[in-house]
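Here's the letter readout for the chains.
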Amino acid sequence: MTKTTDFEVLGKKDTRSGFGEGLLEIGRKNKDVVALCADLTGSLKMGDFKAEFPDRFFQVGIAEANMMGMAAGMTVGGKIPFTGTFANFSTSRVYDQIRQSIAYSKKNVKICASHAGLTLGEDGATHQVLEDIGMMKMLPNMTVIVPCDFNQTKQATMAIADLEGPVYLRFGRPAVPIFVKPDADFQIGKADVLIEGSDVTIIACGHLVWKAIEAAQELSLSGISAEVINMHTIKPLDAEAILKSVGKTGCVVTAEEHMLNGGLGDSVAQVLGQNLPSPQEYVGVNDTFGESGTPAELMTKYGIDTVNVVEAAKNVLSRK
Amino acid sequence: MENQQLIDIATQVRRDIVRMVAAVSSGHPGGSLGCADFLTLLYFEVMKNDASNFKMDGINEDVFYLSNGHISPVLYSVLARSGHFPVAELATFRKLSSRLQGHPATDKKIPGVRMASGSLGQGLSCGIGTAVVKKMNGDDSLVYTLHGDGELQEGQIWEAAIYAAANNVDNLIATIDYNGRQIDGDLEDVLSLGNLSQKWQAFGWEVLEMNGHDMDDMRNTIAKAKSFVGKEKPIVIIMTTEMGQGVNYMMGTHKWHGAAPNDEQLANALGQLKETLGDY
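As you go down the protein sequences, you meet chains A and B in turn.
In terms of this note's numbering, the first sequence opens at residue 1 and continues consecutively.
In terms of this note's numbering, the second sequence opens at residue 1 and continues consecutively.
These are calculated hints, taken from the structure and not from any lab test.
What you are looking at is a predicted structure, and each value in this text was computed from that prediction instead of being measured.
Note that CB positions come from ideal geometry on N, CA and C, so glycine has one too.
Just to be clear, a hint being listed does not mean it is correct.
Listed below are several chain A residues computed to face chain B (Cβ distance under 10 Å; list not exhaustive) [claimed, not checked]:
(1) 66
(2) 71
(3) 79
(4) 81
(5) 105
(6) 291
(7) 301
(8) 303
(9) 307
Calculated lysine to any residue pairs in the SDA-like style (CA-CA distance at most 20 Å, straight line) [stated by the list, open to error]:
(10) A:137 x B:96
(11) A:320 x A:199
(12) B:199 x B:189
(13) A:137 x A:241
(14) A:106 x B:199
(15) B:55 x A:32
(16) A:106 x B:56
(17) B:135 x B:153
(18) B:135 x A:32
(19) B:109 x A:165
(20) B:135 x A:53
(21) A:106 x B:97
(22) B:135 x A:54
(23) A:244 x A:165
(24) A:106 x B:59
(25) A:31 x B:199
(26) A:106 x B:189
(27) B:55 x A:137
(28) A:50 x B:135
(29) B:233 x A:55
(30) A:106 x B:106
(31) A:106 x B:109
(32) B:55 x A:188
(33) A:106 x B:111
(34) B:108 x A:139
Can you make the complete structure from the sequences, with help from the hints?
So this is what it looks like as structure tokens:
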């Protein structure tokens, strides 16, 4: 029987702060790293980088399209630009700029996006982007990473500096449990099997990874052995990890703070559909915009909480 | 370089342009013909760049971005004629698997192209990014960008204009191809830009004007623009041109913005453009 207590919770922090710390640390190690921000330095936790490297920090104002174009241009000359703004303004607002100047042109730009999903909270649906993973994973050349906690976001921020090519890094606003070890080895494109199980596979990303761990504990009380995989890299997807796990369990639940259309669940279904058709249940937002509320209230209302993962797991087991 | 030499090159570039678009019955000859003189001068006299050894990073050489990517025929011809790649490759323009895509792209690694363009309004931001990095690198070479006048209707241009002025990006020379025409008609009818010179001045740019078909005027104006480098203001040149310049029936109208000549029209055009360097 697996318990969440098997995971040492190292505290609670927002993933965006992991980005801020990671950016500062990689900035110290790699002098080619530069950062651009569209008037959200505090929200993105980029203040420390700005203070230590004022000459490598570019405040572009509320002009995200220009920021993306500038970032693309800065790679010509050898820099590694990290752009920072909310996820909505990092993607849907500037999709064409990213598509042409960054993805198609294959520029070494790191698009770092905070306040993704419903857990942005009270600001409401205008800011709660739930389509960004889909938009970004559809772009050729783009790597898409959704880390699960503070430590992993920090590790991912540092890792992407060494990956040549465009990257979308998605993180969030609320404080969430930290359970990835600070010295863990983060490998882009390599899923982490957090809990081994035999009855059902739960594949999650971002804030839903902790919910999946909680769900696994609850399921174990009912005698259900759930395997939990942290799929922090949506693209390139670790198909091998999916097939290995679902080959063993025979069914899968995917869980994400994103639209069902176009998200992690779709990517997993594609792998399974082609290689190992298996019952799948989805935890995510079903074709609707969000609204104002606390992060916890919103996760409950829109069905992306622990209880929803548990329910999905039971449903999918009944379809085996 | 002697003016006549430049004019001869530009005339051959114009032949290349009409032959390229006619061969595939698609492409944008009008603006391409209008910018042939400017790009010839830029690549054969003004810019410091190594055509035979193209490097994506552009360090210690002048970098050019074609923001109005639809006039790719003129860029490809000038790049080929200046030694970036074999002139014979111009025959592949817009054909399957060609490095010469309908709009410039980097994915097939055509020497001379550092950024995809075609979706308008993005090149000024890219140019500013590169210009800023040149300063960081202590690289005193320059960044040149070219934009259509209709392209200035895109909002991103003005985001970039604000940034460059506020941050003293004074190692970039943007040029506007001010031909007054766009696909749907005259720019004044489609969406007037008002007083373009005053607009750029109000945005904090050093504004120069030149005739895009007069080599001496362009040479002098670009020299003047370069004299403003390092003076803490971004520089824009409003270049008056004639869409379709060099082919009489393509001038005085917007109709050849994005239409290719048929065989008969091609023969007519070639009859007006002397073969100076040898056709590809």
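Going through the hints against the structure:
Residue-level restraint check for residue 66 (chain A) holds (minimum Cβ-Cβ distance to chain B is 4 Å; threshold 10 Å). The beta carbon of residue 71 (chain A) is positioned within 10 Å of a beta carbon in chain B (closest approach about 6 Å), and the interface hint is therefore held. Given hint, residue 79 (chain A) at the interface with chain B, holds; its Cβ is 5 Å from that chain's nearest Cβ, closer than 10 Å. At its closest, the beta carbon of residue 81 (chain A) sits 8 Å from a beta carbon of chain B; the interface hint therefore holds under the 10 Å criterion.
A least Cβ separation of about 5 Å between residue 105 (chain A) and chain B falls short of the 10 Å threshold, and the interface hint therefore holds. For residue 291 (chain A), the interface hint is violated, the least distance from its beta-carbon to any beta-carbon of chain B being 29 Å, above 10 Å. The interface hint given for residue 301 (chain A) is broken, as the beta carbon of that residue sits about 36 Å from the closest beta carbon of chain B, more than 10 Å. The criterion of a C-beta within 10 Å of any C-beta in chain B is not met by residue 303 (chain A), whose closest approach is roughly 37 Å, and the hint is violated.
Against a cut-off of 10 Å between C-beta atoms, the interface hint on residue 307 (chain A) is violated, since the closest Cβ of chain B lies about 44 Å away. Distance check on the hinted pair: residue 137 (chain A) and residue 96 (chain B) sit about 26 Å apart at the alpha-carbon level, beyond 20 Å; violated. A threshold of 20 Å between alpha carbons decides the hint, and for residue 320 (chain A) with residue 199 (chain A) the separation of about 10 Å falls inside it, so the pair holds. With a C-alpha separation of about 19 Å, the suggested pair residue 199 (chain B) and residue 189 (chain B) falls inside the 20 Å cut-off, and the hint holds.
Between residue 137 (chain A) and residue 241 (chain A), the direct Cα distance comes to roughly 19 Å. Compliance with the 20 Å bound is thereby established for this hinted pair. About 34 Å separates the Cα atoms of residue 106 (chain A) and residue 199 (chain B), which puts this hinted pair outside 20 Å; it is violated. Pair hint residue 55 (chain B) plus residue 32 (chain A) holds up; C-alpha atoms about 18 Å apart against a cutoff of 20 Å. A hinted pair counts as satisfied when its Cα atoms are at most 20 Å apart, and residue 106 (chain A) with residue 56 (chain B) qualifies at roughly 12 Å.
For a cut-off of 20 Å, the pair hint linking residue 135 (chain B) to residue 153 (chain B) is broken: about 29 Å separates their Cα positions. At most 20 Å may separate the alpha-carbon atoms for a hinted pair to count; residue 135 (chain B) and residue 32 (chain A) meet this at roughly 14 Å. For a cut-off of 20 Å, the pair hint linking residue 109 (chain B) to residue 165 (chain A) stands: about 15 Å separates their Cα positions. Restraint check: the Cα-Cα separation between residue 135 (chain B) and residue 53 (chain A) comes to about 16 Å, which is no more than 20 Å; the hinted pair holds.
With a C-alpha separation of about 18 Å, the suggested pairing of residue 106 (chain A) with residue 97 (chain B) holds against the 20 Å cut-off. Of the supplied pair hints, the one linking residue 135 (chain B) and residue 54 (chain A) holds, its CA atoms being roughly 14 Å apart against a limit of 20 Å. For the suggested pair residue 244 (chain A) and residue 165 (chain A), the alpha carbons sit about 29 Å apart, so the restraint of at most 20 Å is broken. With a CA separation close to 18 Å, the supplied pair residue 106 (chain A) and residue 59 (chain B) stays within the 20 Å bound.
For the hint pairing residue 31 (chain A) with residue 199 (chain B), the CA-to-CA distance comes to about 38 Å; that exceeds 20 Å, so the pair is violated. Among the hinted pairs, residue 106 (chain A) with residue 189 (chain B) is inconsistent with the structure: their alpha-carbon atoms are about 37 Å apart, more than 20 Å. About 29 Å separates the Cα atoms of residue 55 (chain B) and residue 137 (chain A), which puts this hinted pair outside 20 Å; it is violated. Restraint check: the Cα-Cα separation between residue 50 (chain A) and residue 135 (chain B) comes to about 18 Å, which is no more than 20 Å; the hinted pair holds.
Note on residue 233 (chain B) and residue 55 (chain A): the hinted pairing holds, with a Cα-Cα distance of about 19 Å set against a maximum of 20 Å. Note on residue 106 (chain A) and residue 106 (chain B): the hinted pairing holds, with a Cα-Cα distance of about 8 Å set against a maximum of 20 Å. The hinted pair formed by residue 106 (chain A) and residue 109 (chain B) meets the criterion: a straight-line CA distance of about 11 Å does not exceed 20 Å. Of the pairs offered as hints, the one joining residue 55 (chain B) and residue 188 (chain A) is violated, with about 29 Å between alpha carbons and a cut-off of 20 Å exceeded.
For the suggested pair residue 106 (chain A) and residue 111 (chain B), the alpha carbons sit about 15 Å apart, so the restraint of at most 20 Å is met. Proposed proximity of residue 108 (chain B) and residue 139 (chain A) is supported: the alpha carbons are some 17 Å apart, at most 20 Å.
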